[in-house]
Amino acid sequence: MRKMLLAALSRVLQGPAAAAAARPGAVSEVSRVVVASRNYADFASEATFDIKKCDLHRLEEGPPVTAVLTREEGLHYYRTMQTIRRMELKSDQLYKQKIIRGFCHLYDGQEACCVGLEAAINPTDHVITAYRAHGYAYTRGTAVREILAELTGRKGGCAKGKGGSMHMYAHHFYGGNGIVGAQVPLGAGIALACKYFGKDEICLTLYGDGAANQGQIFETYNMAALWKLPCIFICENNRYGMGTSVERAAASTDYYKRGDYIPGIRVDGMDILCVREATKFAAEHCRSGKGPMLMELQTYRYHGHSMSDPGISYRTREEIQEVRSKSDPITLLKDRMVNNSLSSVEELKEIDVEVRKEIEEAAQFATTDPEPPLEELGNHIYKNEPPFEVRGPSQWIKYKSVG
Amino acid sequence: MAAAGLGLCRLAVLASGPGPLRAGVWGRLPPLAAGPRRHAAHFTFQPDAEPSAHGQTQKMNLFQSITSALDNTLSRDPTAVIFGEDVAFGGVFRCTVGLRDKYGKDRVFNTPLCEQGIVGFGIGVAVAGATAIAEIQFADYIFPAFDQIVNEAAKYRYRSGDLFNCGSLTIRAPWGCVGHGALYHSQSPEAFFAHCPGIKVVIPRSPLQAKGLLLSCIEDKNPCIFFEPKILYRAAVEQVPVEPYYIPLSQAEVLQEGSDVTLVAWGTQVHVIREVATMAQEKLGVSCEVIDLKTILPWDTEAVCKSVVKTGRLLISHEAPLTGGFASEISSTVQRWAVREQPRSFLQLEEVPGDGPDLALGAAHAEEEEVLSFPSPSRTSSWSPVHSRSPG
Chain A
0 MRKMLLAALS
10 RVLQGPAAAA
20 AARPGAVSEV
30 SRVVVASRNY
40 ADFASEATFD
50 IKKCDLHRLE
60 EGPPVTAVLT
70 REEGLHYYRT
80 MQTIRRMELK
90 SDQLYKQKII
100 RGFCHLYDGQ
110 EACCVGLEAA
120 INPTDHVITA
130 YRAHGYAYTR
140 GTAVREILAE
150 LTGRKGGCAK
160 GKGGSMHMYA
170 HHFYGGNGIV
180 GAQVPLGAGI
190 ALACKYFGKD
200 EICLTLYGDG
210 AANQGQIFET
220 YNMAALWKLP
230 CIFICENNRY
240 GMGTSVERAA
250 ASTDYYKRGD
260 YIPGIRVDGM
270 DILCVREATK
280 FAAEHCRSGK
290 GPMLMELQTY
300 RYHGHSMSDP
310 GISYRTREEI
320 QEVRSKSDPI
330 TLLKDRMVNN
340 SLSSVEELKE
350 IDVEVRKEIE
360 EAAQFATTDP
370 EPPLEELGNH
380 IYKNEPPFEV
390 RGPSQWIKYK
400 SVG
Chain B
0 MAAAGLGLCR
10 LAVLASGPGP
20 LRAGVWGRLP
30 PLAAGPRRHA
40 AHFTFQPDAE
50 PSAHGQTQKM
60 NLFQSITSAL
70 DNTLSRDPTA
80 VIFGEDVAFG
90 GVFRCTVGLR
100 DKYGKDRVFN
110 TPLCEQGIVG
120 FGIGVAVAGA
130 TAIAEIQFAD
140 YIFPAFDQIV
150 NEAAKYRYRS
160 GDLFNCGSLT
170 IRAPWGCVGH
180 GALYHSQSPE
190 AFFAHCPGIK
200 VVIPRSPLQA
210 KGLLLSCIED
220 KNPCIFFEPK
230 ILYRAAVEQV
240 PVEPYYIPLS
250 QAEVLQEGSD
260 VTLVAWGTQV
270 HVIREVATMA
280 QEKLGVSCEV
290 IDLKTILPWD
300 TEAVCKSVVK
310 TGRLLISHEA
320 PLTGGFASEI
330 SSTVQRWAVR
340 EQPRSFLQLE
350 EVPGDGPDLA
360 LGAAHAEEEE
370 VLSFPSPSRT
380 SSWSPVHSRS
390 PG
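Protein sequences, first through last, are from chains A and B.
Residue 0 is where the first sequence starts when you use numbering that gives the first Met the number 0, and the numbers rise one by one after that.
Residue 0 is where the second sequence starts when you use numbering that gives the first Met the number 0, and the numbers rise one by one after that.
Chain B extracted, bound-state conformation (with noise of 0.2 Å):
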């Protein structure tokens, strides 16, 4: 309790200054330079160390540790099957290659197109035991499903009082900016399936997390869809354990301690907040913690709000549109808890301009405009949306 004092107080001296923080410290960056500029990627990927649990690693990218993770299931369990648009070759990002030849035409196939069918499939391959593992070709695609998603995957446990389930089902799908994608290559889709309890919702955001919640997803009992940010396939590359190996569902992760302020996100942008806090800490002595929230629903309230609890700030970057975005989900829980946790304390909600725009994207910019839609380290780094404060 000395400690949220203490932290409290902290806020309090930073607070001071006229109106929010914008007029202190987080003022003095200045804005940013008007008019397009043609980036190469809007982020740094940031590895992880190479992991000593679980024995002998290899050097892999994104899709080549879904292929591992598939490979891992598919080996260990004679009921799991992969199918989907184009999975047979290899799928259009190369995902499944080599699992066909290696596991038979009659466990990894290809499917038409049809994504509504795919997953009602999906579905039912599941109820009737087996392990499905079905492949949406691109989250933008996503759309014709959510009725089988959300009125049939989520609900069948519920419905039949236990008598059946899909938790077998696994979906994947890969998700979110690429940089060339515009309106239908790009979306983040996963605010839409947090409104739908019953399934999970699990974002990785490197080759070690992907494989180990991948698995994990696979293994859970429940339906999940599991979103791949295809910037990464090729761009993020770690070492990798060969053997299978499980990382929590709904656990976020701590990446970086700090007591100025929370910063939280999955996916690609975890590694724009990780430049974000080194800049923070570098140009404006700020030490940010850094959240990689993981799994999207159900999420762990509980790691958020502690953190919030202990610096008092809180700043959320996704890069799905702002209104309705997972940040608004997050924002509002971490009001109530703090709230309830600290009574004598308020919150102030300040501006949130962390998240993508509110507009669908034209194609014609392409690159130009996904990367300046989409928060980036040049943008991220001056300001708080939630901050509590104690009166007087």
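Isolated chain A, as found in the complex (with noise of 0.2 Å):
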């Protein structure tokens, strides 16, 4: 009933919105031709930043203190980090109308890590990350809409609306985990496969500050050095565990040297260019075998730890207002931009209005269709090809399980 009246509503929103876009349609197409062709004269192509140098652990030399940007990739950067984040502030307000439920942990303010480091590898290349996925859903090529539509546990969802916000998975990217730490040994493996198969791929296995106080993840060190893995271990240190600040957790902070004997660096993980640079100075590392990196990656996330904690009982709205306003990555992407002739105001405001635009058709699309079968619960649990049963709660449910 909720749903037919909120399909409804948003056809009647959606009708004079649409014949007000094509109303004006023709004339800003036109003077967008003339702006461009006049703009594409006044813009540079591409310039070079100063990027902050990376501390550096058991190396001799690091990642470059320059970076190159050209316009077209810093388009491309703002976009995606763009969309990201207007993707994550729209699955806060959809999670607020209770349209998606469960967990949701938003990755706003950490866009530069995921858009960084995916403009740094292959497509081909590997990717595995813990819970604070949805970012990397999207740099690995999984729609707006299909993230959007896994979130509130629609058919159309990319994982078809049985995982939801924790298990969003992708080509060549891994998902997507629950438990804390599980997915670094899982890293260490597929870079193990990466090396057997010897097709020059590389892992790039993430986890968080709080995740590199698991035991697992130095069992992994071990087994990736020992066996010179093609594995890129990347720590997202947004300074907090959940609740609990990097200093009340762990011994040493310094979580790129926590590796011991694997060669690290620490990045500054708000500049999109540094995180490039680094990830493709790691990544070469482990290209030419000469075994794991790891990367510490230092941001922040706005929101708290998930939708269910507010995020201002640990830590000050001053010190979140702070990093939002001289940290911030798109601004500071912007900022770069603008001040060296590779775009306008103008033109990065009319990428944000597009990207609004494609969020709000995703988030249409998430909340109109329709729910997976209840046919399809028991799904996907063996591998079988005969189909077999499974007990539901009573005898009259049978769930089919068709693998």
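Watch out, some of these pointers could steer you wrong.
[Stated by the list, open to error] Derived contacts from chain A toward chain B, CB cut-off under 7 Å, selection only:
hint: 1; residue: GLY101
hint: 2; residue: GLY177
hint: 3; residue: VAL179
hint: 4; residue: GLY209
hint: 5; residue: ASN212
hint: 6; residue: ARG238
hint: 7; residue: GLY240
hint: 8; residue: ASN339
hint: 9; residue: LYS382
hint: 10; residue: PRO385
hint: 11; residue: PRO386
[To be verified] Derived, one-sided and incomplete: chain A residues facing chain B with beta-carbon distance under 10 Å:
hint: 12; residue: ILE178
hint: 13; residue: LEU185
hint: 14; residue: GLN215
hint: 15; residue: ARG247
Rather than coming from a laboratory, the hints here were simulated on the basis of the structure.
For clarity, every value in this text was computed on a predicted model and none was experimentally measured.
Cβ atoms here follow ideal geometry from the backbone N, Cα and C, with glycine treated the same way.
Need the complex rebuilt from these two chains, each delivered in its own frame; the hints are there to steer you.
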């Protein structure tokens, strides 16, 4: 009943908006072409930026301290980060409307990490992370509508609506994992497969500052170093493991050194160029057969640990505000591009508008798509040729399990 | 014996229809309507009466009764310490609120995110003579500590010939379905631990039970795992004594006497089967004996078996997956007992649909799926897995 009303509402709201867009469409198209042709001459094609030097552990040289950003790259990064930001904020909104339920861990503030990492690797490389995975699901190729539909539990979701926020998967993206730290040994295994198949692929294995204290991480370091696996261990240090600040959880907060015998670099995770250059450096190290490497990305999340955490009981609003005003990754990129004539404020604003529209459409899909049918509840438990029956909670409910 | 004979006779009458009971009285209930429905909760908490034997009482919900038990322990036992993830500020379910302020940060402290470390460390604390109360944030996360519990804690006394033990260790963990927990915040792993002699596993159904059982676990000279039904943390409110009191472990409680069927459950499901018992009485005229098992390991075999011999039928309801769930242990033990005690009877095992399904829970359906997946009054009410009848 509620869903029908919502669908009706969205159809009604879409109507006039679509009509309004159609009218000035022709005019803006023309003016855009005019503007574009005029601006093309005004914008630079690339610019060089100084980036923060990374702290090094067991390394003689680190990533370069300058980075070249082309106009195309800049626009692409900006659009991607803005999409992720708006997608996360939309998820926040949908959660508060109780359209998304269960657990929801948002990634806003950390966009530079996933976009920077993706910029430095190939689509054929592999990525695995923990539960704060929406950004990675997007950069690894999942459409926004599929991500939002997965959050709302619909059959158009990337995991057919059965996974939810913590279990999103894509091509060469192994999730989306709920148990803290459990994904790290998996990452080493993927790296072994990469080495075994000899296709020059690497695996990015991500975990957080809280997970860095799990025992299985250290077991994995040992295996990866022993067998020289092409694995980049990446600790996304957003300063808080749920509600515990890093100083209260770790004897050593130099997460890039925690691999001991594994070389490490500490990277400014709010600067996308820094992340990109550092990842390129680490990827080259792994691909050349030198073994694993550890990267610590110093980043920050604006939201709390999850939607049930307001995020202000263990840190001050001032701190969050300070990071937002001084180190926001999207603002940093925007300022760089505008100040170096790679783009203009108007052009980036246009991208904002397009992104908002895309997210709105995706949200509409996510709220109107039907839920997966109940008959699918029992599927994919085992891979079995003849389907078998799974007992439900009563003799009238039997789920057919098709592998 | 006459009574037992009467009981058996009555069984025979009821069971005389074609095939098992499904065709008879029980088959009259209509099948469950298909399609998902969003429920608020799949049960109604039924509080017990205020006890008079333990002094002044106070209205407490489940997490407050846990806090009270921990408060009593820390005040009476100077060696007691509480540790786990986020316990210092009060815990994610507020079970340890105020304790750090009251007893100091060397007695109530946070650990980093490392379950194996937490339990291993707890075993060490206990072996050295202190009372260790470890918290695992969700029972779903207890598996990294499984080795420490099964291989170290459970076997310490035995392998040292009673020279050492970690009996003063108690591990607490929130347990069971909650409506939105999905794969990793809803599990009921008691069956895994039931397979391990040397530890005790206890699950309370209410605040009154929780405080008494938790205090008994802490006092008990064996390592104990205390699972707290998280859906009851706020939902269950009762008058609970402020002073400490102890409810014995390994003693099941008959909540309601009956003559036609024995219903056994633990934790949240006790409230479900209580409702079922009432519905069965009203709609079917069936008298149910309701038992709260309370301790999973070592469990009160005598109470359950005696009850089944009296009623002739047994239904066990739990949240965990069906295969290898604790109901299988109970039903096979009851069969062995009944065959031994009543040599001229035989047991007929019927379908046991009262338990959770054999699948992990997806997140996306979240609330709907969990509620649909777990036994609830509308679904528990009409069949019996085990009944005995005399031949001829």
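To see whether the hints hold, each was checked on the structure:
Interface restraint check: GLY101/A against chain B, minimum CB-CB distance 4 Å, threshold 7 Å, status holds. A least Cβ separation of about 4 Å between GLY177/A and chain B falls short of the 7 Å threshold, and the interface hint therefore holds. A cut of 7 Å between beta carbons decides the hint on VAL179/A: the least distance to chain B is about 6 Å, and the hint holds. Checking GLY209/A against chain B: minimum C-beta separation of about 5 Å stays under 7 Å; hint holds.
The criterion of a C-beta within 7 Å of any C-beta in chain B is met by ASN212/A, whose closest approach is roughly 4 Å, and the hint holds. With a least beta-carbon distance of about 14 Å to chain B, the hint placing ARG238/A at the interface is violated under the 7 Å criterion. Annotation: interface hint on GLY240/A holds; nearest CB of chain B at approximately 6 Å, less than 7 Å. Restraint check, ASN339/A versus chain B: the minimum CB separation of about 42 Å is more than 7 Å; hint violated.
Nearest Cβ of chain B to the Cβ of LYS382/A: about 14 Å, over the 7 Å cut. The hint is violated. With 7 Å as the threshold, the beta carbon of PRO385/A stays out of range of chain B, its nearest partner Cβ sitting at about 16 Å, so the hint is violated. The beta carbon of PRO386/A comes no nearer than 14 Å to any beta carbon in chain B, farther than 7 Å, and the hint placing it at the interface is violated. A cut of 10 Å between beta carbons decides the hint on ILE178/A: the least distance to chain B is about 6 Å, and the hint holds.
For LEU185/A, the interface hint is violated, the least distance from its beta-carbon to any beta-carbon of chain B being 15 Å, above 10 Å. Satisfaction of the interface hint for GLN215/A is found here, the shortest Cβ-Cβ separation to chain B being roughly 7 Å, below the 10 Å cut-off. Because the beta carbon of ARG247/A sits about 7 Å from the nearest beta carbon in chain B, less than 10 Å, this interface hint is met.
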